[in-house]
Amino acid sequence: MALKIRQLNEYLWEIPKEGGMRVPARIYATKRMMDDIRSDNAPQQAANVAHLPGIVKASLAMPDIHWGYGFPIGGVAAFDLDEGVISPGGVGYDVNCGVRLMASELRREDVAPRAKALIEELFRRVPTGVGVGGAVKVDEKTLRKVAVEGAHWAVKAGYGTEEDLGFIEEGGRIEGADPGAISDRAWERGRTQLGTLGSGNHFLEVDYVAEVYDEEAARVLGLFPGQVVVIIHTGSRGFGYQTCDDYLAVMDRAMQRYNITLPDRQLACAPLRSSEGKAYLGAMRCAVNFAFANRQIIAHNTRLAFAEALGLKPGAAGLRTVYEVAHNIAKIEEHEVDGQRLRVCVHRKGATRAFGPGMTEVPARYRAVGQPVLIPGDMGRYSYVLIGTETAMHETFGSTCHGAGRRMSRRQAKKAARGRNVALELEREGIFVRGASLRTIDEEIPEAYKDVADVVDTCALAGISKKVAQLRPIGCIKG
Amino acid sequence: METASPNWFREIDHTGDIGIEVEAPDLDTLFARAARGMFAMLTDLACVRPGRSRRVQVEAPDRDALMVRWLSELNYLHLTEGWLFCRFDVEERTDRHLTATVHGETFDPARHTIYTEIKAVTFHGLTIRRENDRWIARVIFDM
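Here the protein sequences come in this chain order: G and Y. Residue 279 is where the first sequence starts when you use my numbering, and the numbers rise one by one after that. Residue 1358 is where the second sequence starts when you use my numbering, and the numbers rise one by one after that.
Rather than coming from a laboratory, the hints here were simulated on the basis of the structure. Quick caveat, the model's predicted, so the values are computed rather than measured. Do not take every clue at face value.
[What the hints assert, rightly or not] Cross-link-like lysine to aspartate or glutamate pairs, in silico, EDC-like; alpha carbons within 16 Å at most:
(1) G:K693 to Y:D1370
(2) G:K692 to Y:E1449
(3) G:K423 to G:E453
(4) G:K335 to G:D616
(5) G:K309 to G:E288
(6) G:K394 to G:E703
(7) G:K309 to G:D732
(8) G:K556 to G:D360
(9) G:K692 to Y:E1368
(10) G:K693 to Y:E1368
(11) G:K692 to G:E725
[Unchecked claim] Here are some chain G residues the structure puts well away from chain Y; computed CB gaps all over 12 Å:
(12) G370
(13) E466
(14) R497
(15) A527
(16) E639
(17) G658
(18) R689
(19) A701
We treat Cβ as the ideally placed atom computed from N, Cα and C, and that holds for glycine.
Make the full structure from the sequences, and use the hints.
Next comes the structure, spelled out in structure tokens:
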């Protein structure tokens, strides 16, 4: 059956509630983007999410919506704590995949002459790629602490500073983690992976601030034109993947017990109040904390690499954590729903929290302008720094997009890269790229991704976030 | 021993991820070929020697879930113990249970290249179907 999609305004589309849908599905996109979005199954997936018990307001999709597992990537959905469910497919395999932005006191011209050496040093210090052992190896007892304390464990262990913690979503540690809900397999997969970037689309990029759109917000965030910054994009590695996998099986069984029937098995879920739901929440929060610790260790090693490659005293580069956001997470938050304040479980899968000005969850330093939002693009073009808005609080449970989204499959990308030296092409443009393999770089060629500017402009047009600055790459390490 | 052949193996394009479609005359061979197809995504199987073996047993509530569990088990052994398997002898199989002896060796950086990491074997778009006298399975991996 063809999906009915109607245009509500210039940037918002709706799939009206019908059949087993409990609420409508709404997609943020311009008409041009919508043509692309319609070409895959993502709108159907947004409609499928609307079938889940206890969903409130609408199943939402951000402009970077694309085909995911169960939930679309770019999906946001909130559930009533009493009537609602929690779904591992609404968080994703890479629990708390996210992005940290660090800002230096260096200018582009300070780094440019040593850019290649810097990228090499980052590649040496930050374990990258498949099957590469960790920067930090820990036993299960220590890993249990990591799962509860997150980035706080890393700082206590000497990776980074207390100051970093104040600029991470949830302060770098989400409460309610339950190590008892984690499988032996997840501990095993996580043991050697702390401090590693991983593979796929994960990366560490050195950028400079190319353009500032909102001078006041940039000033508050401490960003200025020409400034060198770093983006770290990675998550909870095998620890999180295994946790998701374990609980998909648990939820698959639980669905029968709770008489939940859904259009897609990958949406498997359990009531938030059920033993399975609570166990998943406790386990997912362990993976959230693992990812916070992982990025904290990488941030520390990034500082060491800057000092080493640029011949600076430790700390002289001034690499300060501007902010760190989660992309794949489920969190209990309070939002306004139909005129009432309601505590809900917000699933953000390939979507970023974008809390507006005045919210207590936003670090005091940024509270007047709103929460920083970091939107990585591809390694050849640009990335964006945004801030959250009041409109996002009203419309999207304080959420916005998370990235560009791929437009080519990995195989198509490899085909497009065939016979080319992508690293050399980028180097000619002054962008140094180091990948675990040539294949990785080929799979991640810039044209494999949609133009992130389209995604960001749509969010700005819809008012669910505001543009602060554009970043352009100097160099990148790829997993 | 099964060998990779364009007759029974196809890579499926999926934005962001990779899937495989395999064909076989019977279900035992289908499970074996799905495993071989998955390892062909991970490495060059021509470089993997079937020198060591290991028994694998998996249980699941139904046939689709059995395929996911079987491939997940092999991926887990690859990720945690460095196994690269190239031969899969399915010995006992119902829709809810599978026992196999799998053959291969552990990762040797001097001889093996690992192309990618499979985060998980998914239910997304998973199908196991019969067409005339052939069995066909489609599996998508989260990369």
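Verification of the supplied hints:
1. G:K693 to Y:D1370: holds (12 Å)
2. G:K692 to Y:E1449: Since the Cα atoms of K692 of chain G and E1449 of chain Y sit roughly 39 Å apart, the hinted pair is violated (cutoff 16 Å).
3. G:K423 to G:E453: holds (13 Å)
4. G:K335 to G:D616: Holds, at about 8 Å.
5. G:K309 to G:E288: holds (7 Å)
6. G:K394 to G:E703: Given pair K394 of chain G, E703 of chain G holds - Cα atoms ~14 Å apart, limit 16 Å.
7. G:K309 to G:D732: Given pair K309 of chain G, D732 of chain G holds - Cα atoms ~11 Å apart, limit 16 Å.
8. G:K556 to G:D360: holds (12 Å)
9. G:K692 to Y:E1368: holds (13 Å)
10. G:K693 to Y:E1368: holds (13 Å)
11. G:K692 to G:E725: holds (11 Å)
12. G370: Its Cβ does come within 12 Å of chain Y, the nearest being 8 Å, so this is violated.
13. E466: Check fails; 5 Å does not lie beyond 12 Å.
14. R497: holds (37 Å)
15. A527: violated (8 Å)
16. E639: holds (29 Å)
17. G658: Consistent with the label, G658 of chain G stays out of reach of chain Y, its closest Cβ about 18 Å off (over 12 Å).
18. R689: violated (5 Å)
19. A701: A701 of chain G is indeed farther than 12 Å from all Cβ atoms of chain Y, at 17 Å.
Consistency with the previously given hints fails for numbers 2, 12, 13, 15 and 18, ordered from lowest to highest.
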